[in-house]
Each structure stands twice: as structure tokens, then as C-alpha cells.
Amino acid sequence: MLVDFELVKRAREGDHAAFTQLVQAYRKRILGTIARLIGRPEDVEDVGQEVFLRLHFSLDQLRSEEVFEPWLYRLTVNAAYDYLRRQKRRGETRMADLSEQQVILADAAAGSRAQQEEQRRRQLREAVQALLANVSEQDRILLVLKEIEGLSLKELEKIYRVNENALKVRLFRARQRVLKALAAQGTAARAKGSS
Amino acid sequence: MATFERGQPTDPLEAELDRLFAAYREACPDPEPSLDFMPRLWERIEAQRSWTREWRRLTEVLVGAAVALSLMLGIVLARREPPVSFYTNTYVEVLAANYSQDAPLDPEVLLADQEVSR
Chain A
0 MLVDFELVKR AREGDHAAFT QLVQAYRKRI LGTIARLIGR PEDVEDVGQE
50 VFLRLHFSLD QLRSEEVFEP WLYRLTVNAA YDYLRRQKRR GETRMADLSE
100 QQVILADAAA GSRAQQEEQR RRQLREAVQA LLANVSEQDR ILLVLKEIEG
150 LSLKELEKIY RVNENALKVR LFRARQRVLK ALAAQGTAAR AKGSS
Chain B
0 MATFERGQPT DPLEAELDRL FAAYREACPD PEPSLDFMPR LWERIEAQRS
50 WTREWRRLTE VLVGAAVALS LMLGIVLARR EPPVSFYTNT YVEVLAANYS
100 QDAPLDPEVL LADQEVSR
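Protein sequence lines correspond, in order, to chains A and B. Per numbering that gives the first Met the number 0: the first sequence = residues 0 to 194. Per numbering that gives the first Met the number 0: the second sequence = residues 0 to 117.
Just chain B, same shape as in the assembly (with noise of 0.2 angstroms):
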């Protein structure tokens, strides 16, 4: 690999390319910043964390915005009446608590048994 810890380049084309390079490096020295390169960036940054400060906020009110309307839904919903009738029993429960044995019997099966004994 001629580009590292190489010493002098033997390739002629190597060597212009780091001559190039060298003479690149001299072209290009280090700028002097302007005068108002500090109250620039200050201000670049100021514009930034109010943008910032701007978007937070928007974000909170709509954070709390959602939040308020949750609980406004919550709340209606939960004052909201039940259903007139619920059945949580079965079939077979219902049965059993209409013909229990406390229970007084229909007239009309009774005089059906009797009709049926005689």
C-alpha cells in the first residue's frame, strides 16, 4: 500500500500526487474567522432553542389537551345508565328457580294429574 508508512514515493505519479496534495495544503491555510463569527452562532443558536421551546410547548398542549379529553370521556361513559336487564344465569338455572318445589303448581297441570290418576 503506497499511501501509508511509506517513506519516499518511487512512482513519479505518487510523488506529484503528494506534491499536489502538499501544495493544496498551502493554498487552503486556515481562514481568520469574521468578526461577527461568535454573535452569529449565538443567534443561530437562540433561534434554534426558541424553535425548540416553541415546539415543546405546542407538544404539551396537545399532550394535555388528550389527556383533558380522556377524562371527560371516562367520565361520560361511567355516568352512563347500565342496561335495563342483565342474564347472568343459564338456561338450566332459570328453569330451577321456576319450578322449585316451594313453588305453588300451575291449576291447570294439577287438575291434568288428577284427570290422569282417575
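Same shape as in the complex, but just chain A (with noise of 0.2 angstroms):
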């Protein structure tokens, strides 16, 4: 816990202030979980503000202060959840869904070396995200929060409330998935490479 159990006693009893230290104590953990799990910093805070709201109007149905961080996990679970799967209607299009050429062309335009690295690191997430893809919303938030943010499956278990077997058979079809995807992946880059 990053706050002492009284504080969160408090923000539930409507103390503006406790409310305020208790974002500002959580926010920064809670916006890099939503950035890894939306891969997209854009709207990292629209999402994390979206969670803080519903924290802030569910808080008197909290049973005890003992959940409080699986209770804000659960809350940013299904934000991001909510994100993902508006972004799906819509049919945005991602850097990884763009042609080679217009990857290329926005490489070009990232000149200086601190430009460079970020454009690296941009490709990275663009990489994972694509391959995280490959498995429906529910199991990506799964498994970027056991692969990526090494929650323990004890931790998932207070989060989903489901049983951790159940969560163990999930996650290992979801990375099979993943695996299958990356494995095709290089399939298809080595066979670009040989021609």
C-alpha cells in the first residue's frame, strides 16, 4: 500500500483532501499500468482521469480498506478495458497498420539521436501492441498485467475474483497465442529476408 489505511478511511467519508493525496499518491502507478495497457500515451491521462472519477463515486461501496488496491486495479482494469474496446468500434488505425513506406517516411522525419530513440521505443510498443492483438481485450489486460507488470496470480485473484486456476488456464492460452503470433511474425520476416 503507498497510503496507511486511515487515509482511505477518510477520502470514503468524503474528505476532499485525503481524496486529492490519495490520487496524487496512486497516479503515477495507475497512468504507467494504463499506458502499457492501452499502448497508446496520447490518452493515457483521459483514461487515468476516467478511473479517478469512478474511484471517487464508488468509494462509499468499498468494504474495507484492506481492498483498496485491488478495488483501483479493478477500476482501471475496466477502464482501460472500456478504452480498448471503444478504439475497436472505432477501427483506428495504429503505426503497425500502416504500409512500410509510411513507417519509413515517419522514421525519416525523426532526425536527432534523442528523436531516434523514441522513435525506437515508439517502434517497440507498436510491435508488442500488434502482437498483443492477437488475443481478445480481456486476456491483453490479463496479460500485460502478469507479463508486464509481474503482478502475482495471488494479486489477479483479488483483482478479477476469479479462481486461480481459472486465471492460469487463461493466461496460458493467451501467451500460446502471442507465441503463435511472434512465431509467424519471424516466419514471414525471414522468408522477406531471403527474397
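Not one of these hints is a red herring.
Looking from chain A toward chain B, a few residues come up when the C-beta cut is under 10 angstroms (computed):
id, residue
1, G47
2, F56
3, R120
4, L142
It is worth saying that the hints were derived from the structure and are not from the lab. All values derive from a computational prediction rather than experimental measurement. Note that beta-carbon positions come from the ideal geometry of N, C-alpha and C, so glycine has one too.
Two independent chains are provided; combine them into the complex using the hints.
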């Protein structure tokens, strides 16, 4: 816990200052998790605001201060899931979907070393997002929380309120699908290189 | 299950995926929140609250109007004149009341009786 239970209790009772402190303590961590879940830096703050907005209006439903963190993570997961579903409906174009020529043009535009570094990071983000696009939004979130955020199965169990074995099976299947996509990517790259 | 309680993955593809995930984690550090993060959040909270307040006020007005209308209708119905006559007695009771022993007999019926006895 980044804060003590007393602060959560005060925020729950409607203390605005306590709620502000709570947000300030968690916002960086939550924004980081959202960034890795949705893979779009430009939308991270909006989704983060949505998480804390939901937190504000649902704090009174919190059973006890001890479950505050899983509760906050659940709100984060739900907000990220809603965002990903909206994106899917809109069918927005991502860098990973652009033609190679367009990506080369974007690369050329990035001149300086810092820009090149940013470019490298962006490409990496796009590559991982493209791999994660092979699983459903729910599985993608679960995989990111486990593999990238490093949450334990016990923590995931508290967030999802699902039996550990069910989570294991789901994670295993999701990872297998991503591995398959990675293998296909490698095959395609090798075929491209030899031609 | 390769994903859990694993040490070093033996499959090169598994190792590649783990490396990619680690690099992704590094490429997406926790972003610094913007300076107006809190003011914007409070603005949104206030906006939502005022919307909820408005909705509650509207609901209260509608519920109040519905209660007032029901009361009015109740009063109007209670004040209405009851129907002129009600037949609450059964046919047999009405017959018995009309031909009780105390009631004077119809003269025509009496004459008819006398004719018969003669």
C-alpha cells in the first residue's frame, strides 16, 4: 500500500483533501499501468481521469480499506477495457497498421538521437501492441498485468475475483496465441529477408 | 505451463517473448501526470455531481407531482355522490318483506279468496 488505511477511510467518508492525497499517491503508478495496457501515450491521462472519477463515486461501496488496491486496479482494468473496446469499434489506424513506406517516411522525419530513441521505443510499443492484438481485450489486459506489470497470481485473483486455476488456464492460452503470432512474424520476416 | 513459476525459458521463442515484454516495460515508463491533472479531475467530479443533483431534483419534482395528482384524484373520487340505489337484499328477502303477515292483504286477492270459499 502506498498510503495508510486511515487516509482511505477519510476519503471514503467524503474528505476531499484525503481523496486528493490518495490520487496524488497513486496517479503515477496507475497512469503507467494504463500506458502499458492501452499503448497510446496520448490517451493515458484521459483514461486515468476516468479511473479516479469512478473511484470518487464508488468509494462508498468499498467493503474495507484493506481491499483498496485491488479495487483501484479493478477500476483501472475496467476503464482500460472500455477504452480498448471503443478503439476497436472506431477501428482507428495504428502505426502497426500503416504500410511500410509510411513507417519509413515517419522514421526519416525523426532526425536527432533523442528522436531516434523515441522512434525506437515507439516501434517497440507498436510491435508489442500488434502481438497483443492477437488476443481478446480481456486476455490482453490479463497478460499485460501478469507479464509486464509483474502482478502475482494472488493479486490477480483479488482483482478479478476469479479462481487462480481459471486465471492460469486463461493466461496460458493467451500466451500461446501471442507466441504463435510471434512465430508467424518471425517466419514472415525470414521469408522477406531471403527474397 | 511455461508462463508460471518458470525459471529461464528453454524455448527460444518463449525467451524472445519475455525479452520483448521486458523491453516494452522499459519503453513505457510511468508517465508524469500533467500539472492540471488534479484541477481537471475535480472539474469532472463537480460536473458529474451537478448533473446527478439536477437529475435528482427532476426526479423529486416528478415524484412530488405524481403524489399530488394521486391525492387530488383520491379526494375527487371520495367526494362523488354514491349511486341512487343499491340492491343489497336477496330476492327471497325482498319477497318476504313484501308479503309479511303484518302487511295488509291486497283487496282483490281477498275477494278472490272469498269467491273460492263460497
